[in-house]
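*Asks:* Chains as they are written, first to last, in the working numbering: chain V, 1 to 73; chain C, 1 to 642.
Bear in mind the hints are in silico, worked out from the structure with no lab data behind them. Please note: incorrect hints may appear among the correct ones.
Computed spacing ranges between beta-carbons, pair by pair [stated by the list, open to error]:
1) V:T73 - C:F392: 56 to 62 Å
2) V:K63 - C:I182: 19 to 25 Å
3) V:E36 - C:I50: 52 to 58 Å
4) V:E35 - C:N165: 25 to 31 Å
5) C:L469 - V:N46: 51 to 57 Å
6) V:E36 - C:K127: 21 to 27 Å
7) C:A465 - V:G54: 51 to 57 Å
8) C:D52 - V:K66: 30 to 36 Å
9) C:I218 - V:L45: 14 to 20 Å
10) C:S387 - V:K66: 31 to 37 Å
11) V:K66 - C:I218: 25 to 31 Å
12) C:K154 - V:T2: 42 to 48 Å
13) C:Y403 - V:E35: 46 to 52 Å
14) V:L45 - C:K74: 29 to 35 Å
Cβ atoms here follow ideal geometry from the backbone N, Cα and C, with glycine treated the same way.
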Amino acid sequence: MTLDTLKENEKGIIESISDESLAIQLLAMGFILGEEVKVERIAPLNDPMIITSGDNYISIRKKDAKQIKINKT
Amino acid sequence: MSDISDTNIVLVGNPNTGKSTLFNLLTGLNQKVGNFPGVTVDKKTGYFKINDTKYNVIDLPGAYSLNPNSEDEKITRNYISDTTNNDLIVFVADVTNLKRNLLLCSQIIDEGKQVILGLNMMDLLYKNKQEINLEKLAASLGCPVIPINARLGKGINKLKESITNYQVNPTPFLTESNNNTIDDTMLRFKKIDTILNDCVTNKGENKSYLLTKKIDNILTHKIYGYLIFLILLFIIFQAIFSWSSYPMDLIESGFIWLSDFVATNLPEGVLNDLLVNGVIAGLGGIVIFVPQIAILFAFITILEDTGYMARVSFLMDRILRIFGLNGKSIIPLLSSTACAVPAIMSARTIGNPKERLITIMVAPLMSCSARIPVYTILIALIVSEDSTISIFNLQGLLVLSLYLLGFVTALLSALLMKWLIKAKQQSAFTLEMPIYRAPRWKNVGIEIVSKVKIFLFDAGKIIIAISILLWVLSSYGPGDTFEEIDKKYVQNEQQLDKDELSSKIASEKLEASYAGIIGKTIEPTIKPLGYDWKIGISLVTSFAAREVFVGTMATLYSVGDEDNTKSIRQKMMEAKNADGGKLYTTATTLSLLIFYVFAMQCMATLAIVYRETKSIKWPIIQIIYMGALAYIGSFVIYTIFS
Chain V
1 MTLDTLKENE KGIIESISDE SLAIQLLAMG FILGEEVKVE RIAPLNDPMI
51 ITSGDNYISI RKKDAKQIKI NKT
Chain C
1 MSDISDTNIV LVGNPNTGKS TLFNLLTGLN QKVGNFPGVT VDKKTGYFKI
51 NDTKYNVIDL PGAYSLNPNS EDEKITRNYI SDTTNNDLIV FVADVTNLKR
101 NLLLCSQIID EGKQVILGLN MMDLLYKNKQ EINLEKLAAS LGCPVIPINA
151 RLGKGINKLK ESITNYQVNP TPFLTESNNN TIDDTMLRFK KIDTILNDCV
201 TNKGENKSYL LTKKIDNILT HKIYGYLIFL ILLFIIFQAI FSWSSYPMDL
251 IESGFIWLSD FVATNLPEGV LNDLLVNGVI AGLGGIVIFV PQIAILFAFI
301 TILEDTGYMA RVSFLMDRIL RIFGLNGKSI IPLLSSTACA VPAIMSARTI
351 GNPKERLITI MVAPLMSCSA RIPVYTILIA LIVSEDSTIS IFNLQGLLVL
401 SLYLLGFVTA LLSALLMKWL IKAKQQSAFT LEMPIYRAPR WKNVGIEIVS
451 KVKIFLFDAG KIIIAISILL WVLSSYGPGD TFEEIDKKYV QNEQQLDKDE
501 LSSKIASEKL EASYAGIIGK TIEPTIKPLG YDWKIGISLV TSFAAREVFV
551 GTMATLYSVG DEDNTKSIRQ KMMEAKNADG GKLYTTATTL SLLIFYVFAM
601 QCMATLAIVY RETKSIKWPI IQIIYMGALA YIGSFVIYTI FS
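Given only the sequences and the hints, what does the whole structure look like? Please build it.
*Replies:* Here's what the structure looks like:
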């Protein structure tokens, strides 16, 4: 499943990121393959969402979150 | 001391790590903002001195890695990869998030650069009950590690000491090279994990985000989030419109005094007239906006500094994206209701180049404060002050609908441009939510000064030039027409009182001037909109700035005192068109109002659009599309109402 389908406060392990440039970007922002990601908050109009992994806290649009394959935990 | 002995210090780090604070701390006011060649990213440089050696400091844009994702990051990458310089890198790291910060640091070490690692925000580390072994960290990275607190100015002397005594031969971080960026990054993180496990003891938990998440529960709440944002906007606009009116009045009277002083103390003649009506009038028109720009940027810097702007962006992104804009576009759009110039400057915070460009292109459609005097005088011609629709004042309703018309048109134009403008790169919208911190007031001050400087000098040059050109156009006519007007009135001097005489001469001269000739020349073009040549002159003169309309009207209808709007109104009401009918009918007046809502009549804005987009193409497109909107809109309205 992909990250955009998670609800607020749900978590998953990042498996892969299909878009390479997005993968490089997210990796550098601390969203590392094999680590846990949590959906902290979803904006009132259902997009974008705030996600956290470790001490990293970012906002991401759903169309980009769709590129992130996760394993729900 | 010579230039050769100067050492370059380059500050690098992730965004939101306090890099700019350290820069301000090191250089104080010895700094200037320039541009990196070919791009719109600011290049901040400054210097400090120890003994007799001068150290130049360059503040590179924040980046997460050497694999660039934005214009900002590209600059940092190019600078670091440039092997021709031997600059010393001070890497500023947020010590509470070392793992991510060390990624870029390790990449820079592997570029063979000399690096000093400055660990910022040490105070937060202690709050989290974490400890860090600095010697071990320095040994594993092969570079000096200096703990600092940029906010409080702690550790700066140690940092400077380390800069002056730098003697390290860089050793590579990764011994095995990997061509695949993702694999390479994962390898680096693996090694960083090992190092951090060895150097950091974690007795508590990271509390930095706990408070931030609690605040976010309110500030990004589905209802309160928007409510708080609306209240903040209200306060900002209150400040821009009402607080700034005191300094603006002061500046206005200052310039009136100055022009009076020059007018009476310099010998009469061309130079006097040029100084008073060209240069001083032009200068006054620029300086008057400084209070609004200062206040606006004070608020914007505070909102950015505290971390709130990222939340606004989060709240507004979905709505504005429909129109090809970005969550951050809300600030430039709303700022435009004060003045488009600072608004367009504030669009820099938008990372996505296409969304930033669209924001810049549509922002001037928002009704700015320079349109207010035009709206006021025109509306008074067709609606009396006390007419109402049920409980609403009709004049107020009309002003409100003009504002709404501008706003809706801005959104629709943005939508159109979303389809027309090709994006150079498809960049993902990822935005770090920094932890909330108190604003750094010194930073706010430095930011205000630098933004006002840009406005005064960059836009100012062009406005002055255009003001002088307009003065020439309206002060000179072909051949000896002006002398003949003077002669004609000398003969009638006894019959008229002095004020009336001079205003009659002024109005007749304007008609005979080049500006008047231009007005008559364009008359056939603007006739379908219901305008005559006099309105034509106003359209030409208010190309410099919209508020010039009122002054031009005052001169045209021979009213000596410009502030006396009531008599301008009466004169305008009595004005006749070529057939002897009323000139300012409902149709003509509404058509003129629509024209001022849409048309791009502001040299300052065009100048700043040119400066911000680094291309003459975009201001030209702006003149054309807004001009077309104005012409077609006015034509339609005039046809419907006449």
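*Asks:* Compare the structure with each hint and give your call.
*Replies:* Evaluation of the provided hints:
no., hint, result
1, V:T73 - C:F392: 56 to 62 Å, "57 Å, holds"
2, V:K63 - C:I182: 19 to 25 Å, "21 Å, holds"
3, V:E36 - C:I50: 52 to 58 Å, "47 Å, violated"
4, V:E35 - C:N165: 25 to 31 Å, "39 Å, violated"
5, C:L469 - V:N46: 51 to 57 Å, "53 Å, holds"
6, V:E36 - C:K127: 21 to 27 Å, "24 Å, holds"
7, C:A465 - V:G54: 51 to 57 Å, "55 Å, holds"
8, C:D52 - V:K66: 30 to 36 Å, "59 Å, violated"
9, C:I218 - V:L45: 14 to 20 Å, "19 Å, holds"
10, C:S387 - V:K66: 31 to 37 Å, "55 Å, violated"
11, V:K66 - C:I218: 25 to 31 Å, "29 Å, holds"
12, C:K154 - V:T2: 42 to 48 Å, "45 Å, holds"
13, C:Y403 - V:E35: 46 to 52 Å, "49 Å, holds"
14, V:L45 - C:K74: 29 to 35 Å, "32 Å, holds"
Checked against the numbered hints given earlier, the structure breaks hints 3, 4, 8, 10 and satisfies all the rest.
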